[in-house]
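**Q** Each chain, letter by letter, is given below.
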Amino acid sequence: DAKTTQPNSMESNEEEPVHLPCNHSTISGTDYIHWYRQLPSQGPEYVIHGLTSNVNNRMASLAIAEDRKSSTLILHRATLRDAAVYYCILRDVPYNNNDMRFGAGTRLTVKP
Amino acid sequence: SQTIHQWPATLVQPVGSPLSLECTVEGTSNPNLYWYRQAAGRGLQLLFYSVGIGQISSEVPQNLSASRPQDRQFILSSKKLLLSDSGFYLCAWSTRVGLNTEAFFGQGTRLTVV
Numbered sequence: 001d002a003k004t005t006q007p008n009s010m011e012s013n014e015e016e017p018v019h020l021p022c023n024h025s026t027i028s029g030t031d032y033i034h035w036y037r038q039l040p041s042q043g044p045e046y047v048i049h050g051l052t053s054n055v056n057n058r059m060a061s062l063a064i065a066e067d068r069k070s071s072t073l074i075l076h077r078a079t080l081r082d083a084a085v086y087y088c089i090l091r092d093v094p095y096n097n098n099d100m101r102f103g104a105g106t107r108l109t110v111k112p
Numbered sequence: 001s002q003t004i005h006q007w008p009a010t011l012v013q014p015v016g017s018p019l020s021l022e023c024t025v026e027g028t029s030n031p032n033l034y035w036y037r038q039a040a041g042r043g044l045q046l047l048f049y050s051v052g053i054g055q056i057s058s059e060v061p062q063n064l065s066a067s068r069p070q071d072r073q074f075i076l077s078s079k080k081l082l083l084s085d086s087g088f089y090l091c092a093w094s095t096r097v098g099l100n101t102e103a104f105f106g107q108g109t110r111l112t113v114v
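Here the protein sequences come in this chain order: G and A. Numbering of the first sequence is given in the numbering used here, commencing with residue 1 and proceeding in unit increments. Numbering of the second sequence is given in the numbering used here, commencing with residue 1 and proceeding in unit increments.
It is possible that part of the hints are untrue.
As the list claims (entries may be wrong) - Cβ pair distances, simulated, as ranges:
# : chain 1 : residue 1 : chain 2 : residue 2 : range
1 : G       : 3         : A       : 63        : 23 to 29 Å
2 : G       : 21        : A       : 69        : 41 to 47 Å
3 : G       : 111       : A       : 29        : 41 to 47 Å
4 : G       : 74        : A       : 17        : 42 to 48 Å
5 : A       : 69        : G       : 99        : 18 to 24 Å
6 : G       : 112       : A       : 77        : 42 to 48 Å
Hints listed in this document are in silico derivations from the structure and should not be mistaken for laboratory results. For every residue, glycine included, the Cβ atom is placed at its ideal position computed from N, Cα and C.
Between the sequences and the hints, there should be enough to build the whole structure, so can you do that?
**A** This is how it looks when you write it as structure tokens:
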């Protein structure tokens with residue numbers, strides 16, 4: 001199965017940008033890159049996803065390397081509420097595979 | 001709009017007792033459904049997923065089982081709980097329409113086996 005590698009933890013200062021990296025060197029052509037985050041004692045929530053092109057939404061931006069073997073989640077201005085565990089996962093299209101596996105994620109600490 | 005309900009929020013059960021956790025989804029049809037477990041300070045472990053009624057895929061051998069008696073209902077069960085079954089259990093769903101979509105998680109059940 002395609003897997004992802006993320007740093008265990010990162011720190012950021014409030015109101016500064018944060019770049020969370022993810023490596024997925026065995027990604028297949030039909031794998032989408034998804035990012036979720038989990039606040040303490042809550043279920044994960046969707047952040048963003050993409051296939052090849054960079055993506056932006058109200059929460060974050062996703063920068064995908066040209067060879068798709070890595071990606072970066074960008075929080076443009078970190079707030080204290082962004083402190084969470086961030087998961088980068090690969091999801092295949094439903095007609096290929098329906099499972100959804102998570103790794104350990106990156107624990108982001110935001111300092112005031 | 002779609003919602004996911006998971007209950008109870010917390011549960012304390014003695015070793016050897018049975019378990020039944022229920023998850024229901026509203027506002028969508030034929031979703032993929034998932035059960036995860038998260039040990040304290042750890043990542044999410046996929047336990048089971050289902051692509052339709054009566055169709056269950058098990059990811060890891062354990063004393064847990066899952067059932068999907070209705071399209072939008074997913075149940076996690078155990079006949080006899082072990083101490084190692086303690087953890088945070090999460091249910092999730094995603095639509096099977098289209099090429100790729102986001103998944104939605106419930107608020108979780110924190111199970112403590114004593």
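**Q** If a hint holds in the structure, say so; if it doesn't, say that too.
**A** Against the structure, the hints:
1. A C-beta distance of roughly 27 Å is found between residue 3/G and residue 63/A, which places it inside the suggested range of 23 to 29 Å.
2. The hinted window of 41 to 47 Å between residue 21/G and residue 69/A holds, with their beta carbons roughly 42 Å apart.
3. Take residue 111/G and residue 29/A: their Cβ atoms lie about 45 Å apart, and the range 41 to 47 Å holds.
4. Between residue 74/G and residue 17/A the beta carbons are some 47 Å apart, a value that agrees with the proposed interval 42 to 48 Å.
5. Roughly 21 Å separates the CB atoms of residue 69/A and residue 99/G, a value that falls within the hinted 18 to 24 Å.
6. Evaluation of the 42 to 48 Å hint for residue 112/G and residue 77/A yields a pass: the beta carbon distance comes to about 45 Å.
Of the numbered hints given earlier, the model fails none.
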